[in-house]
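Asks: What follows is the residue order along each chain.
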Amino acid sequence: MAQKLVVIGNGMAPGRALERLFESAPGAYEVTIFNAEPRVNYDRIMLSPVLSGEKTFEEIVIHGDGWYVQNGVTLYKGHKVVAIDRAARTVTSDHGVVASFDKLIVATGSVPVIIPVPGHDLAGVLSYRDLDDVTAMLLAARSGGRAVVIGGGLLGLEAAAGLRGQGMEVTVLHLMPTLMERQLDTTAGHLLQRAIEARGISVVTRASTKAILGKPTAQGSDRVRAVLLEDGTEIPADLVVMAVGIRPNAVLAKEAGITVNRGIVTDAGMRTSDPDIFALGECAENDGQVFGLVAPLYEMANVVAAQLAGDETAAFKASATATKLKVTGVNLFSAGDFAEGKDREEIVLRDAARSIYKRLVIKDDKLTGVVMFGDTSDGAWFFDLLRRGADISELRETLIFGPSYAGGAAQDPTAAVAALPEDAEICGCNGVCKGRITGAIDTLGLKTLDDVRAHTKASASCGSCTGLVEQLLKSKLGDAYSPAAVQPMCGCTHLGHDDVRRLIVADELKTIPDLMQALEWKSSGGCAKCRPALNYYLLATWPGAYADDNQSRFINERVHANIQKDGTFSVVPRMWGGMTSAKELRAIADVVEKFNVPTVKVTGGQRIDMLGIKKEDLPAVWADLNAAGMVSGAAYAKGLRTVKTCVGSDWCRFGTQDSTGLGIKIEKFMWGSWTPAKVKMAVSGCPRNCAEATCKDVGVICVESGYDIHFAGAAGLDIKGTILLGHVDTEADAIAVIAALVQLYREQGRYLERIYKWANRVGVETVRAQVLDDLERRQALYARFVYAQKFAQIDPWAERVAGKDAHEFRPLASIATAEAAE
Amino acid sequence: MTILETAWIDIGAVDDIPREGARVVRTAAGCVAVFRTRDDEVFALDDRCPHKGGPLSQGIVHGHSVTCPLHNWVISLKSGAAQGADEGQARTYRLRVGEGRILLDAASLTCNPKH
Chain A
1 MAQKLVVIGN GMAPGRALER LFESAPGAYE VTIFNAEPRV NYDRIMLSPV LSGEKTFEEI
61 VIHGDGWYVQ NGVTLYKGHK VVAIDRAART VTSDHGVVAS FDKLIVATGS VPVIIPVPGH
121 DLAGVLSYRD LDDVTAMLLA ARSGGRAVVI GGGLLGLEAA AGLRGQGMEV TVLHLMPTLM
181 ERQLDTTAGH LLQRAIEARG ISVVTRASTK AILGKPTAQG SDRVRAVLLE DGTEIPADLV
241 VMAVGIRPNA VLAKEAGITV NRGIVTDAGM RTSDPDIFAL GECAENDGQV FGLVAPLYEM
301 ANVVAAQLAG DETAAFKASA TATKLKVTGV NLFSAGDFAE GKDREEIVLR DAARSIYKRL
361 VIKDDKLTGV VMFGDTSDGA WFFDLLRRGA DISELRETLI FGPSYAGGAA QDPTAAVAAL
421 PEDAEICGCN GVCKGRITGA IDTLGLKTLD DVRAHTKASA SCGSCTGLVE QLLKSKLGDA
481 YSPAAVQPMC GCTHLGHDDV RRLIVADELK TIPDLMQALE WKSSGGCAKC RPALNYYLLA
541 TWPGAYADDN QSRFINERVH ANIQKDGTFS VVPRMWGGMT SAKELRAIAD VVEKFNVPTV
601 KVTGGQRIDM LGIKKEDLPA VWADLNAAGM VSGAAYAKGL RTVKTCVGSD WCRFGTQDST
661 GLGIKIEKFM WGSWTPAKVK MAVSGCPRNC AEATCKDVGV ICVESGYDIH FAGAAGLDIK
721 GTILLGHVDT EADAIAVIAA LVQLYREQGR YLERIYKWAN RVGVETVRAQ VLDDLERRQA
781 LYARFVYAQK FAQIDPWAER VAGKDAHEFR PLASIATAEA AE
Chain B
1001 MTILETAWID IGAVDDIPRE GARVVRTAAG CVAVFRTRDD EVFALDDRCP HKGGPLSQGI
1061 VHGHSVTCPL HNWVISLKSG AAQGADEGQA RTYRLRVGEG RILLDAASLT CNPKH
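Chains A and B, in that order, give the protein sequences. The first sequence maps to residues 1 to 822 in the working numbering. The second sequence maps to residues 1001 to 1115 in the working numbering.
Fair warning: there could be bad hints in the mix.
Stated by the list, open to error - With a straight-line cut-off of 30 Å between C-alpha atoms, the simulated DSS-like cross-links for lysine-lysine are:
hint, chain 1, residue 1, chain 2, residue 2
1, A, LYS529, B, LYS1078
2, B, LYS1078, A, LYS614
3, A, LYS447, A, LYS476
To be verified - Pair by pair, the computed Cβ-Cβ distance ranges are:
hint, chain 1, residue 1, chain 2, residue 2, range
4, A, ILE45, B, ALA1107, 53 to 59 Å
5, A, GLY245, B, SER1079, 55 to 61 Å
6, B, ASP1010, A, VAL505, 45 to 51 Å
7, B, ALA1107, A, TYR787, 33 to 39 Å
8, A, GLY200, B, ARG1094, 53 to 59 Å
9, A, THR580, B, SER1079, 31 to 37 Å
10, B, ALA1107, A, PHE57, 41 to 47 Å
11, B, SER1079, A, GLY200, 33 to 39 Å
12, A, LYS510, B, ASP1010, 34 to 40 Å
13, A, VAL505, B, ALA1028, 28 to 34 Å
Just so you know, these hints were derived from the structure itself, not from any lab. For every residue, glycine included, the Cβ atom is placed at its ideal position computed from N, Cα and C.
Generate the whole structure from the sequences, applying the supplied hints.
Replies: Right, here's the structure in full:
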């Protein structure tokens, strides 16, 4: 029988722990969560983009309501646990709900530090901790005015930038001489201050707050009017945000008699002084340390999940963490310890004109600290060296120039590549080293990039090593090498699709305007060809971080319906695996009558299309379909369309496997994902192939021994039978391979390039090697797909029924004849 | 109130239209598409592509042009003329922007040759 697991707190750390637990020990626990906040688990790190208006709350939700239902979790929203009774093994909420537990996770997070100056409790003084704070700030910002942010650390600066973005006049007060002194050295602190000031935010350092001054209001309670500093300066303020730090919220545990120091004391397995009770997240103290950044908290979550799943050896060890500021346009990276010291040396690079500053701190031939400002593109590489404790004595001379120069001393890129050792890996996707490429150039007389791709597979997959391969060709052939002309994406650029995708990753380009600036777009705002492509590339490259640009989408994807020749729309709800029910059919029939839908048609993808719906009726139509449990079928999307199935072993006398069930599983797992072009799938229960799986983008043919996975078919402009990718024995493997295949396509495909064209371009063998043969690569692709799905599986219809993009469905104005005739 | 003042009809705020987007104004003479560009200029055109009558308000706005959602004709927001190799003309409407509000010239609505 399942044990009872109670979780107090519903933040990111327990969310991650439960995800891991459900993966490794499904069904082992019956889970109950108490969340003091009245909502689901969301990405607290992304609150700043919500404040600045770059994201909405819906976009930062990690687990929607459906996740809790799917995993059988009971979630009490808005219930604060007031007592843990360790003797009775129960917890009690402020609404009187009592839940008993076999195992308990305390994840009560942290509370903001409030400086106890006079006036700290005035109306208009806020902290910056959760969505309620953000909502309050947005409300205050609506009436404009002045804001003072006390605290020039990570949170304070993000709050300041957000409020400034909302149009307020903002002053940041910081006690120390430079900003973010815990993460930055003084030089970077000054550069940061200049960048913050350039955004129109005033910064006062060495500012010690004496009091917050109030004024009486009509409502009776006093409201903030200014902040008074020790030196007598008065700074007018309509809003004060205190962002001076956090401390672990350990009160509840302490009251229950659990050992508490700064935080709740835990052992290596994250168990508290009561071995059935775990502490997790910002409230936990481990080895004398408490934590506030997400990476170590996720590490803790993995340990708790492993312990709960029975692995008592799982142990938490604090590792180095890296910091990035989430203020658009300010690039800053810091990791490790960069204090000066006798036994430490440093390497510094400055480029004043471009406001670039990089500093590496080295001790005993190992990197111990990294600070970067302006250009942070090598951050991940330095951080990896630092975390691994790698010996950098060999790289030392060119270390600061980053990985692109790590092989040689020269600054000329061709010479740098020529200096690389023969066994240096050039193409990570296909594991091709330099010696193989230069050898092939010599012995086979290769002349072009395509030659190298054809004979060595180098640069044939993701293309991120294309530059290196071209340098190798150049170093071998000299002037005899002339790079092949690339077909540009559109008239706005000379770059091809692959170059743009590569540069998005290499230069960490995260918005369309940034990309157009960095890649020197020739038009001011792109065109209808490149903008949807760029939007897709950014979305696929930075899941969760990139805010989808609605205005760069074709109308169908913008309003989640298909435009017709007369300007009306058609609506296709999802029918999972082509299955439907009386309830769904009745709801469709009701919609057809209620909205006078002129045409109802069965589609080729085993679902029902309602055509001729007026744009302004769409939200109401969707509301009715949603009410019957139906979601968008994405019949308009460059994304997963349908998974067509036959009835399989459920009914058919020839069926070998449950093809319907597998089709539904695939569709439920993969819906919502955006892809370069549309993706249609099918699952047939036997080689008779009634679901016509062998002309789909991805098709499964069930056989007695398992599943044959096909791909790269087409039945449109081109007719093409699929190619057999390979055979797997189980449903789970089939799903993993298909997800990895689609992810590889998502990462490599050019916008509007269907799977069969992509496969043709990169080579079927390359695809097979990565998604079928190389298990590690398959798992990595699968993991990236799963991660991206977190942000993709939100029903766009339900969002719009709830009011999103309301302007799309209403005219700006209606002018009556009488008025127009005046 | 003078006639001059009543000749401008307030149809809404600039901020009611998303940047690089459009909204529709319904009039007795048919729908008018009101566009807002990235640099916050506002234009009004007949919501009908000169090609096959596609609703221009539903297209992608880029620079000072819109691409029709039906067959990708590119129409200049300023002149209403089809760009590139295509030939055609969408009707334009006079408007002005004051204090963040969009004012449409009532006179230009009344003399629609099609109605």
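Asks: All the hints need checking, so say for each whether the structure fits it.
Replies: Results for each hint:
no., hint, verdict
1, LYS529/A x LYS1078/B, "21 Å, holds"
2, LYS1078/B x LYS614/A, "28 Å, holds"
3, LYS447/A x LYS476/A, "10 Å, holds"
4, ILE45/A x ALA1107/B: 53 to 59 Å, "54 Å, holds"
5, GLY245/A x SER1079/B: 55 to 61 Å, "58 Å, holds"
6, ASP1010/B x VAL505/A: 45 to 51 Å, "47 Å, holds"
7, ALA1107/B x TYR787/A: 33 to 39 Å, "57 Å, violated"
8, GLY200/A x ARG1094/B: 53 to 59 Å, "36 Å, violated"
9, THR580/A x SER1079/B: 31 to 37 Å, "50 Å, violated"
10, ALA1107/B x PHE57/A: 41 to 47 Å, "45 Å, holds"
11, SER1079/B x GLY200/A: 33 to 39 Å, "37 Å, holds"
12, LYS510/A x ASP1010/B: 34 to 40 Å, "38 Å, holds"
13, VAL505/A x ALA1028/B: 28 to 34 Å, "53 Å, violated"
When each numbered hint is compared with the structure, violations occur for hints 7, 8, 9 and 13.
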